[in-house]
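Q: Chains as they are written, first to last, in my numbering: chain C, 83 to 341; chain G, 940 to 1189.
Everything labelled a hint here was simulated from the structure, so no lab data went into it.
Incorrect hints may appear among the rest.
To give a feel for the contact side, a few chain G residues facing chain C, derived at Cβ under 10 Å [said to hold, decoys possible]:
#1 Tyr955
#2 Thr1025
#3 Gly1027
#4 Glu1048
#5 Met1062
#6 Ala1125
#7 Glu1129
#8 Ala1133
#9 Leu1136
Ideal Cβ positions, reconstructed from N, Cα and C, are used throughout, including at glycine.
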Amino acid sequence: MPPGYSDIIASLRQSRLAFHFALSDTRARYRRSVLGPFWLALGTAVGVVGMGLLWSELLKVDRATFIPSLTAGLIVWQMLAACITEGTAVFTRQANVIRNLQLPYFLHPMQLVLRNLVNLAHNLLVFVVVAIVLAVPASWSTLLVIPGLVLTVLNLLWMALMLGMLGARFRDVEYALGAVMPLLFVISPVLFRPDYLPFGSTIIWMNPLSHLIDVIRSPLLGVSPPLFVYYTVGGMLLVGWALTLALFNSRRNRIAFWV
Amino acid sequence: MAKLVFENVTVQYPIYNSRSVSLRNRLVRLSTGGRIEAEAGQVSLVTALKDVSFTLKDGDTVGLVGHNGAGKSTLLRTMAGIYAPTSGRVLREGRLATVLEIGAGMDTELTGYENIVRMGLMMGMTSAEVRAATPEIESFTDLGDFLQLPVRTYSSGMVMRLMFAVATSIKPEILLVDEMFGTGDAAFQEKAKARMLALIGAARIFVFASHAPTLINEFCQRVFRLEHGVVEEVTSLPEENLGLSIGEGV
């Protein structure tokens, strides 16, 4: 069996390890703080209030519709951005594990994505509060948040694996992506909805991350995402995994020498 | 029944200098049509192990000797399955534990106890097995209340005790130990020795890299000498053959 496939199978078999470390990493990070991971939620809340008040004035939009949409967009963006930027270092940061213990490599991207799901769960509290206070309507479309989340997570897994390999081999990737992420943020539908833009929404939908955001955000706001969003996200999933698997199969055994 | 077989194993690995790891140089190389290739793309290929064959079976205790950079650590990592051979075959049967680099895989923010769980799980124990093994690890390390403190407060000798205790508590059939084994104090060395001998007695494979001839003579019946990636089995171990750091135990 090609080394990439056996690695992924072994990783899935040991997925409880990824769960354990995702949780213990979160705990370790906030070890000596009182609020722990809720600092994250608090930070999000502060950001949402500040940005929400400022931008709703600037854009002259109704706060009751803008703030929920901003909150939902922001918490999803935080998960995407963290998985992508940290993804480039997912193997190099774990060099001391990789070079000393015989663990499957895909475990590390799994752990990264799981850890950010844990963070998302904390941030989701902020959205729930906002949704209750501003009476965001719930509908059957809200349930689409589940397939949306699954699609996004499956996409993030290949992204983290691919970027982890590229970042281990080419150390510039980490910094290059760090430089591009703010741009991707600006052309994502976090701060504004595509239909607010005067010059049309094409540029927003050129950003692949916009689709990953919308597939979760729209359902959170009680709306079904447009169908083309599902096509893009599904297409990214297939093409992304195909490329990543090809790369992982051919270069998996090199990773230990790269880190 | 543990087994470790190398069949004509060669391990080559690329060494990237800062130039070849950089994407910019890749791009420059593309745009200049490879004219400065010699300078920009320096990936030197190191042959760390050359055509190595041997068979280890139950009860074999092997000492690895050789100069710094002779390939001892690479051989241990290839034995462990961390490095994949470029050509040849590695056949490994049996539960494996490694003590290669001090502190490897530990999270220094976490306490000693939490790291026992972490390391134990990474080495393939279940949570229940870790819980069952904890009292014994506790007493072996002699760290007492220090186990409740974050590992970043430990000295390297204390980290070593903890790592060694966890690695041996999984009851490995194959145990691979790199040279930093000598870090502990005399008391720890004694305890470690007793524990090693007990493990070896239970018919396991033990491979140990060291510059200290006394330790090798004490633990190992077979001695492999590495030179430039070639493994040669030697029968006797005259002290002058070891070259560097005799008696230092590092």
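Q: Would you mind marking each hint as holding or not holding in the structure?
A: Cross-check of the supplied hints:
1. Tyr955: Where the cut-off is 10 Å and the nearest Cβ of chain C is about 8 Å from Tyr955/G, the hint holds.
2. Thr1025: This hint holds: Thr1025/G lies near chain C, its Cβ roughly 9 Å from the closest one there, short of 10 Å.
3. Gly1027: Interface hint status for Gly1027/G: violated (13 Å vs cutoff 10 Å).
4. Glu1048: holds (4 Å)
5. Met1062: It holds, given that the least Cβ distance between Met1062/G and chain C is near 7 Å, below 10 Å.
6. Ala1125: violated (26 Å)
7. Glu1129: violated (26 Å)
8. Ala1133: violated (25 Å)
9. Leu1136: violated (24 Å)
Checked against the numbered hints listed earlier, the structure breaks hints 3, 6, 7, 8, 9; every other hint is satisfied.
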